[in-house]
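Construct all of the structure, not just a fragment, from the sequences and the given hints.
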Amino acid sequence: MPIIQAFWAIIRRDLLLAFRRRAEMANPLFFFVLVVALFPLAVGAQPNLLRAMAPGVIWVSALLAALLSLDGLFRSDFEDGSLEQMLLSPHALSILVLGKIIAHWLVTGLPLLLVAPLLAVFLGLPEQAMGTLWLTLILATPLLSLIGAIGVALTVGLRRGGMLLSLLVLPLYVPVLIFASGAVDRAASGLPVNAQLNILLAMLLSALVLVPLPTAAALKMSVN
Amino acid sequence: MSWIPAPVSRFFHRTSSPPYFYALADRFIPWLTVIFLVLLGAGLYGGLYLAPTDYQQGDSYRIIYIHVPAAWMSLFIYVLMAVMGGIALIWRMKLAEVMLISSAPIGAGFTFVALVTGSLWGKPMWGTWWVWDARLTSELILLFLYMGVISLYGAIEEKRAAARAVSILALVGVVNIPIIHYSVQWWNTLHQGPTVSKMDKPSIHVSMLVPLLLMAVAFKFYYLIAVLQAAKLELLKRETSSQWVKALLEKQA
Amino acid sequence: MSWESFLYMGGYAIYVWPAYGVTALVLVVNIVLPVLQRKQLLRELTIKQKRSQAR
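Residue numbers (UniProt numbering), protein chains in the order written: chain A, 1 to 224; chain B, 1 to 253; chain C, 1 to 55.
You may find that some hints are simply not true.
[Claimed, not checked] Here are the in silico distance ranges between beta carbons for each label pair:
#, chain 1, residue 1, chain 2, residue 2, range
1, C, SER2, B, VAL79, 16 to 24 Å
2, A, LEU17, B, ILE90, 32 to 40 Å
3, C, GLY11, A, PHE30, 55 to 63 Å
4, B, TYR20, C, GLN49, 20 to 28 Å
5, A, ARG22, B, ILE4, 51 to 59 Å
Hint data in this document are derived by calculation from the structure and do not stem from the laboratory.
Cβ atoms here follow ideal geometry from the backbone N, Cα and C, with glycine treated the same way.
And the structure:
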């Protein structure tokens, strides 16, 4: 089987598996909405305050939702032994890993786009920022899955890796958080956001190339 | 590796054998300690006594002599750890693993020192213990990166696997450090907080600069001493049942 | 300059000296801790070795 076919097969398999557990698929979404809804309850419902905080709140919540869903990226494959099978396959592990990450993003990252308008309404984000919010979500949630994959690969062999995973991954998320929420913030006040979007795009492209290598190396370490 | 000259590679192989390294560390530590203490004494004397009082900041600026060298060391050690990690991954060199993991607490210590002294310096300058200034924020994130390395190493039982994991993490971290640094800087200019220019040093007088450089070099020597001490412990821990440790015990008894 | 005025640090003593104190503490701990742990380990190993030789 050529590598391209193996790549697609991995994506198709993971999507199928995710689709069989549809109920679980909705969990990151609920979590995302719930965390955002907590903020008005905690800081009070003054529209001005919420509008000023909206980009940050939405992005921190997206980050936490991504973090929470990360554990599923390699966990079940690690437990049922299919990860070992992947290591034994003749194909480059990094390509297969990339397939898994993309499938994971399609299941957990992409749906966040659906609820984003709802949250923007909750927090009173100006309409002109909506397009930018979507764009940053499209560019930056894959980044969260990619960077997170390294952390998951490092901790998948541990029984209680959850807390450690956040400790490893969150500092690496800082640039994503800064540029994504910065872009939304600027868009809300009508400023141009090209620079931020370009930087996010550059980060995404370099992560697509660079991330599979350490992830594959870390998986090899975890499985052995 | 054919492109490394034979004598060099032989030197590395010999030096990296644990018993040889252990003995070598024992031989070097006293000398390093002497150099460190001399540099430290000179740096402190120059910085705390000889250097004139700053006309703007008064004597509070004297924190610079530990804050800035500590901040330099915190970055320097992380980069060094990534280099060790690369060596450990490519050549499977045990000593590089040991040096990498021995460096982590020292680097974290320097990061902590940079944060605390920055805060103590910031209080008289800014009026608060903490402002989200670009340098302090990057330093805080660097501390989290160090914590990640230390916790990951502690969490994985099998120490060779743990060392590989930590090597990968250090390499990933070092690629991210410049990105984090510039993103934090950009974020800082966007949300312009209190002025930070006071903490920068535009043109520093020679009598102030020389002690600063002395302290920076002294910290480098301190790092060598501390990393050798930690590496000795780590080597012993890993090789408790090896022949050279037994010989060492007999010699001591 | 007298000792008092040196220690006074132009009124910034409560910032300067704690900064130097914390630094000294961290630096000392990072040297002393591994040394103590190594001594402890060596002691344990010696006891273990003696026991195995006695047997």
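Hint check results:
1. C:SER2 x B:VAL79: 16 to 24 Å: violated (44 Å)
2. A:LEU17 x B:ILE90: 32 to 40 Å: Cβ of LEU17 (chain A) to Cβ of ILE90 (chain B): about 36 Å, so the range 32 to 40 Å holds.
3. C:GLY11 x A:PHE30: 55 to 63 Å: Taking Cβ atoms as reference, GLY11 (chain C) and PHE30 (chain A) lie about 56 Å apart, which means the hint holds.
4. B:TYR20 x C:GLN49: 20 to 28 Å: holds (22 Å)
5. A:ARG22 x B:ILE4: 51 to 59 Å: holds (56 Å)
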